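Colleague: What follows is each chain in one-letter form.
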Amino acid sequence: MQVGIGLPNTLDTDGETLRSWARRADDGPFTSVGVFDRLVYRSTDPLTTLATCAGVTEDVQLVTSIVAGPLRSDALLAKRAATVDQLSDGRLSLGLALGARREDYEMADASFDDRGKRFSRQLSRLRDIWEDDDIGPEPATDGGPELLVGGDSDPTFNRVGRYGDGYIHGGGPPRAFERKAEQARAAWDESGRPGDPALWGHGYFALGEEAAERGREYLLDYYAFTGPFAETIADSLLTTPQEVLSFVRGYADAGCDELLLFPTVADDEQYDELETLIETEWR
Amino acid sequence: MQVTVVGGGPAGLYASLLLKKEYPDWNVTVYERDPADNTYGWGVVFSDATLSNLKEADTVSHERITDAFVRWDPIDVHLKGESIRCGGHTFAGIMRADLLQLLQERSREVGVELIHGETIEEDDVDELAAEADLLIGADGLNSTVRETHEESFRPSVSDGSAKFAWFGTAKPYDVFTFIFRENEHGLWRVHAYPGRMSTFIVECTQETWEAAGLDEKGEEEALAYFEDLFSDHLEGYDLQSKLYGWRNFPVVSCGSWSSGDDIVLLGDAAHTAHFSIGSGTKLALEDAISLLDGFREHGTDVRSALNYYEKERRPRVEGLQDAAERSQTYFENVERYWDMEPEQFAYNMLTRSGRISYDSLKQRDVGYADDYDRWFEANATDADVTPLAARQPLNQSLTLRETTLDNRLTVTRPPSNGSTDGRPGADYLDDLRDRARDGPGLLLTDPVAVSPEGRITPGTPGLYDDSHVDAWAAFVDDVHAETDAAVGLQLVHAGRRGATRHREYGLDRPLPSGDRWELYAPSAKPYVPGGPKPTAVDADDCDRIRDDFAEAAERAAEAGFDYLQLHAGHGYLLSSFLSPLTNDREDEFGGSLEARMRYPLSVFDAVREAWPDERPLGTALQATDWNLSGLKTRESLQVAQALADRDCDLLSIVAGQATVRERPRYDPTVLADFTETYRNETGVPALSTNYVTTYDEVNTLVGAGRADLCTYRP
Numbered sequence: 001m002q003v004g005i006g007l008p009n010t011l012d013t014d015g016e017t018l019r020s021w022a023r024r025a026d027d028g029p030f031t032s033v034g035v036f037d038r039l040v041y042r043s044t045d046p047l048t049t050l051a052t053c054a055g056v057t058e059d060v061q062l063v064t065s066i067v068a069g070p071l072r073s074d075a076l077l078a079k080r081a082a083t084v085d086q087l088s089d090g091r092l093s094l095g096l097a098l099g100a101r102r103e104d105y106e107m108a109d110a111s112f113d114d115r116g117k118r119f120s121r122q123l124s125r126l127r128d129i130w131e132d133d134d135i136g137p138e139p140a141t142d143g144g145p146e147l148l149v150g151g152d153s154d155p156t157f158n159r160v161g162r163y164g165d166g167y168i169h170g171g172g173p174p175r176a177f178e179r180k181a182e183q184a185r186a187a188w189d190e191s192g193r194p195g196d197p198a199l200w201g202h203g204y205f206a207l208g209e210e211a212a213e214r215g216r217e218y219l220l221d222y223y224a225f226t227g228p229f230a231e232t233i234a235d236s237l238l239t240t241p242q243e244v245l246s247f248v249r250g251y252a253d254a255g256c257d258e259l260l261l262f263p264t265v266a267d268d269e270q271y272d273e274l275e276t277l278i279e280t281e282w283r
Numbered sequence: 001m002q003v004t005v006v007g008g009g010p011a012g013l014y015a016s017l018l019l020k021k022e023y024p025d026w027n028v029t030v031y032e033r034d035p036a037d038n039t040y041g042w043g044v045v046f047s048d049a050t051l052s053n054l055k056e057a058d059t060v061s062h063e064r065i066t067d068a069f070v071r072w073d074p075i076d077v078h079l080k081g082e083s084i085r086c087g088g089h090t091f092a093g094i095m096r097a098d099l100l101q102l103l104q105e106r107s108r109e110v111g112v113e114l115i116h117g118e119t120i121e122e123d124d125v126d127e128l129a130a131e132a133d134l135l136i137g138a139d140g141l142n143s144t145v146r147e148t149h150e151e152s153f154r155p156s157v158s159d160g161s162a163k164f165a166w167f168g169t170a171k172p173y174d175v176f177t178f179i180f181r182e183n184e185h186g187l188w189r190v191h192a193y194p195g196r197m198s199t200f201i202v203e204c205t206q207e208t209w210e211a212a213g214l215d216e217k218g219e220e221e222a223l224a225y226f227e228d229l230f231s232d233h234l235e236g237y238d239l240q241s242k243l244y245g246w247r248n249f250p251v252v253s254c255g256s257w258s259s260g261d262d263i264v265l266l267g268d269a270a271h272t273a274h275f276s277i278g279s280g281t282k283l284a285l286e287d288a289i290s291l292l293d294g295f296r297e298h299g300t301d302v303r304s305a306l307n308y309y310e311k312e313r314r315p316r317v318e319g320l321q322d323a324a325e326r327s328q329t330y331f332e333n334v335e336r337y338w339d340m341e342p343e344q345f346a347y348n349m350l351t352r353s354g355r356i357s358y359d360s361l362k363q364r365d366v367g368y369a370d371d372y373d374r375w376f377e378a379n380a381t382d383a384d385v386t387p388l389a390a391r392q393p394l395n396q397s398l399t400l401r402e403t404t405l406d407n408r409l410t411v412t413r414p415p416s417n418g419s420t421d422g423r424p425g426a427d428y429l430d431d432l433r434d435r436a437r438d439g440p441g442l443l444l445t446d447p448v449a450v451s452p453e454g455r456i457t458p459g460t461p462g463l464y465d466d467s468h469v470d471a472w473a474a475f476v477d478d479v480h481a482e483t484d485a486a487v488g489l490q491l492v493h494a495g496r497r498g499a500t501r502h503r504e505y506g507l508d509r510p511l512p513s514g515d516r517w518e519l520y521a522p523s524a525k526p527y528v529p530g531g532p533k534p535t536a537v538d539a540d541d542c543d544r545i546r547d548d549f550a551e552a553a554e555r556a557a558e559a560g561f562d563y564l565q566l567h568a569g570h571g572y573l574l575s576s577f578l579s580p581l582t583n584d585r586e587d588e589f590g591g592s593l594e595a596r597m598r599y600p601l602s603v604f605d606a607v608r609e610a611w612p613d614e615r616p617l618g619t620a621l622q623a624t625d626w627n628l629s630g631l632k633t634r635e636s637l638q639v640a641q642a643l644a645d646r647d648c649d650l651l652s653i654v655a656g657q658a659t660v661r662e663r664p665r666y667d668p669t670v671l672a673d674f675t676e677t678y679r680n681e682t683g684v685p686a687l688s689t690n691y692v693t694t695y696d697e698v699n700t701l702v703g704a705g706r707a708d709l710c711t712y713r714p
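Residue numbers (the UniProt record's numbering), protein chains in the order written: chain A, 1 to 283; chain B, 1 to 714.
Hints listed in this document are in silico derivations from the structure and should not be mistaken for laboratory results.
Keep in mind that the hints are not guaranteed to be accurate.
What the hints assert, rightly or not - Pulled from the structure, derived: some chain B residues nowhere near chain A, Cβ distances all over 10 Å: (1) Asp76; (2) Gly367; (3) Glu558.
Unchecked claim - Lysine to aspartate or glutamate pairs mimicking DMTMM-like chemistry, simulated, CA-CA at most 20 Å apart: (4) B:Lys242 - B:Asp37; (5) A:Lys117 - B:Asp508; (6) B:Lys311 - A:Asp235.
Here the structure is a predicted model, which means the values were calculated and not measured.
Ideal Cβ positions, reconstructed from N, Cα and C, are used throughout, including at glycine.
Construct the entire structure; sequences and hints are all you get.
Modeller: So, in structure tokens, the structure goes:
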């Protein structure tokens with residue numbers, strides 16, 4: 001299993017921090033950098049952020065975890081993703097899911113209630129657009145950027161099997177990931193797709209007591225729309241090196257291909273500590 | 001803090017005593033409808049006698065409860081004059097009235113106020129809640145608290161299809177005893193377990209219940225009927241009843257277990273689990289412990305404590321409810337297994353809920369499990385003598401006509417793309433050879449086309465030209481020379497799912513318009529929106545395609561394949577005749593199910609005619625389209641029966657992909673459950689296409705008679 005690091009693009013930070021984390025990840029132990037997507041929030045746009053990072057990195061994979069697909073028009077999303085893929089020499093992994101925030105849909109003038117149906121159609125159209133010549137650019141990757149589908153319902157796994165290259169999990173303890181990964185593999189197998197689905201996981205960290213408190217507050221705020229469930233998410237924050245390592249090992253044992261660890265505090269020390277930990281204890 | 005509890009059953013009493021003990025300055029009041037000395041009910045059973053978390057929560061009540069326990073660990077299964085015992089299960093039982101007495105006594109000791117004989121109506125709930133800081137709805141499966149706040153709890157209650165009634169008897173049963181008994185009215189199930197009085201639950205289908213006239217029989221008559229029916233088991237003891245009545249088991253689940261900031265449901269009010277796995281009371285007591293933990297964690301922040309409780313409990317409760325549902329489904333459908341030999345019937349029953357597997361039975365009772373392996377081998381090999389040492393079920397051979405498969409593992413691969421004009425490519429055949437070397441009993445190819453238009457992609461292999469035969473024949477010879485695997489071929493006509501791109505980037509992506517070929521289907525409806533429109537087949541097309549299947553079968557015979565399978569699933573041509581979603585025809589092949597199955601069956605007949613008598617012919621059959629307007633399992637079972645009548649040798653059950661508008665379930669057991677149903681309803685051996693990755697799963701499915709072969713992904 002490989003380990004990637006999340007960029008603090010929802011943590012109200014500046015361009016230099018985002019670029020420097022990406023640069024350091026490119027040189028360091030991480031194989032990917034991830035970004036989140038929120039509309040009504042003090043965050044930067046995921047694909048634009050990755051495009052910026054593409055310019056200052058060479059090898060690291062650029063991942064959205066996730067972009068709320070149906071918030072955006074199919075053609076514009078296809079073009080933007082193809083652009084990032086082309087400009088980064090094929091380093092984009094496009095994680096897409098429905099996105100659960102009604103507010104984001106309202107502000108984007110996108111309808112919320114039929115988003116599942118539109119999402120399936122979007123996944124199919126993205127491939128068509130990437131392979132046809134009408135809307136350029138041609139992605140650097142054959143067939144378009146790696147397409148990861150997120151979510152946890154049965155229709156999610158149907159989409160993974162029918163349209164995706166893999167599955168990107170929404171976070172939780174390793175055993176929760178394991179169950180969903182099993183469903184993704186079963187759906188892939190039943191769909192009659194060759195090979196195996198790529199399986200991505202993600203977790204949150206804030207190392208150190210003071211950071212843990214700030215990280216917890218951020219998660220309660222970021223997930224406030226989920227009601228009491230925000231507590232559950234905040235409780236899962238990894239706050240010690242031991243917790244991070246046992247989480248990483250748990251994901252590796254559960255068959256995860258790449259695990260993204262997202263910061264909840266945008267301090268450089270957070271990057272330093274995770275880098276040291278992964279470099280010395282995992283690689 | 002004022003804590004008000006509606007319901008003085010195990011959940012309510014236990015929560016009350018734990019909270020009062022932990023927080024002596026809180027007021028805890030319990031309202032119970034029944035009098036304190038109510039003795040309704042017989043025994044309750046705990047599937048785990050240790051209950052270690054109860055000890056930690058309150059040592060005093062734990063000691064008193066476990067002192068009153070009757071413990072046992074075997075399960076006895078009685079049927080058809082045989083008695084089969086399997087040990088190692090650790091159960092405990094206690095009379096419900098004794099448990100309530102103990103909990104009442106302990107509650108009073110710690111200072112809980114118990115108010116008996118007070119019924120809480122819907123109008124009272126909000127008043128009680130307003131006066132309390134926490135209102136606990138522990139008022140059982142017909143919970144008034146739940147009904148009052150339905151919009152928050154979002155409950156669903158679904159009644160099981162079987163009828164059951166609780167009785168007691170002085171006959172001392174010493175272990176968990178299941179009795180299955182057939183009489184002129186139907187098949188009866190008894191769940192009996194030990195206690196100061198033994199509990200004796202009788203269960204049957206609605207049909208049996210009506211046939212026995214129980215809708216009209218009074219209490220005395222019913223007791224006499226069962227005393228007579230089970231006289232050999234009761235050995236002269238009476239059956240007794242309290243509040244005699246027949247019920248259907250209601251499965252309760254809730255979208256949320258709390259309402260507002262301070263109302264919470266515990267025990268049966270929040271969730272029920274079929275009595276056959278003996279977990280209802282255990283769940284109720286554990287709910288109470290978890291609620292206490294929530295307060296320990298969050299102090300008097302009631303809302304956070306309730307969140308904690310639900311977060312901790314929900315995954316565990318739902319896991320148990322899944323197992324209970326599987327057990328309930330088993331007991332509702334016992335008739336399906338009645339033709340099994342008693343040994344296999346018992347093994348299937350023991351593994352019914354999915355929580356006990358082949359390996360875990362070996363751990364629980366190695367003597368029983370080894371005996372079962374010996375029985376399975378003797379039965380599988382028709383041996384007269386039971387072998388001294390037996391191999392596990394997956395290593396037993398299976399004979400279909402004159403083809404013998406060495407073991408129960410089937411290896412296959414997803415639809416391939418490495419062929420040119422139907423000629424199987426070298427890399428593709430090498431890959432198949434490698435899979436044969438892994439040692440399966442049956443190596444089954446991915447779908448091979450019966451005609452150029454029947455290909456899924458341009459790279460789909462075929463057997464539609466005489467020039468294809470040599471490549472396949474050389475491959476089959478190699479596999480036979482190198483391995484013990486039997487080699488099967490799967491024939492397909494892709495129908496409207498043809499002319500697509502390779503599946504590397506997804507399913508059903510049409511080829512660019514210049515590269516497509518003409519597609520044929522029962523009706524002219526494209527598979528994907530905006531995709532190529534197929535030609536609705538006319539009578540000549542039907543004849544030609546049937547001939548294509550038959551000729552491909554002849555070529556397969558010539559190439560030396562041991563087994564042949566027709567693909568009538570996944571929206572390919574044959575299954576698209578079966579599905580009302582894709583078959584609008586008004587001729588003899590469309591309309592009623594009988595008409596829709598006519599063409600696929602005619603193809604089966606033609607292939608059977610062309611394929612050598614001594615070699616087995618099977619069908620991959622669609623169990624459901626996962627669409628409310630699509631092919632139903634009930635209908636597909638009729639197709640399976642028609643195939644059984646034609647001596648079809650193997651059924652491989654698949655589901656979905658009939659159309660893109662589907663809502664499949666990806667529960668890991670769903671295909672195995674379908675396979676089990678088809679195998680045991682029709683008597684045709686079955687290949688499970690479930691995603692199986694361990695030998696334990698294969699041994700359990702094959703051992704329990706739920707499948708005869710399993711696809712296996714190491």
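Colleague: Checking the smallest CB distance to chain A, is B:Glu558 really beyond 10 Å?
Modeller: About 27 Å separates B:Glu558 from the closest Cβ of chain A, which puts it past 10 Å; holds.
Colleague: Next pair to validate is A:Lys117 with B:Asp508; report whether the Cα-Cα distance is within 20 Å.
Modeller: Holds: A:Lys117 and B:Asp508 sit about 17 Å apart, inside 20 Å.
Colleague: At 10 Å, judged by beta carbons, does B:Gly367 keep clear of chain A as stated?
Modeller: At about 33 Å from chain A, B:Gly367 clears the 10 Å cut-off, so the statement holds.
Colleague: Would the non-interface assignment of B:Asp76 survive a Cβ cutoff of 10 Å against chain A?
Modeller: holds, 35 Å
Colleague: Are the Cα positions of B:Lys311 and A:Asp235 separated by 20 Å at most?
Modeller: With Cα atoms ~11 Å apart, B:Lys311 and A:Asp235 stay inside 20 Å; holds.
Colleague: Mind checking the alpha carbons of B:Lys242 and B:Asp37 for me, to see if they're no more than 20 Å apart?
Modeller: Holds. B:Lys242 to B:Asp37 sits at ~15 Å (cutoff 20 Å).
Checked against the numbered hints above, the structure violates none of them.
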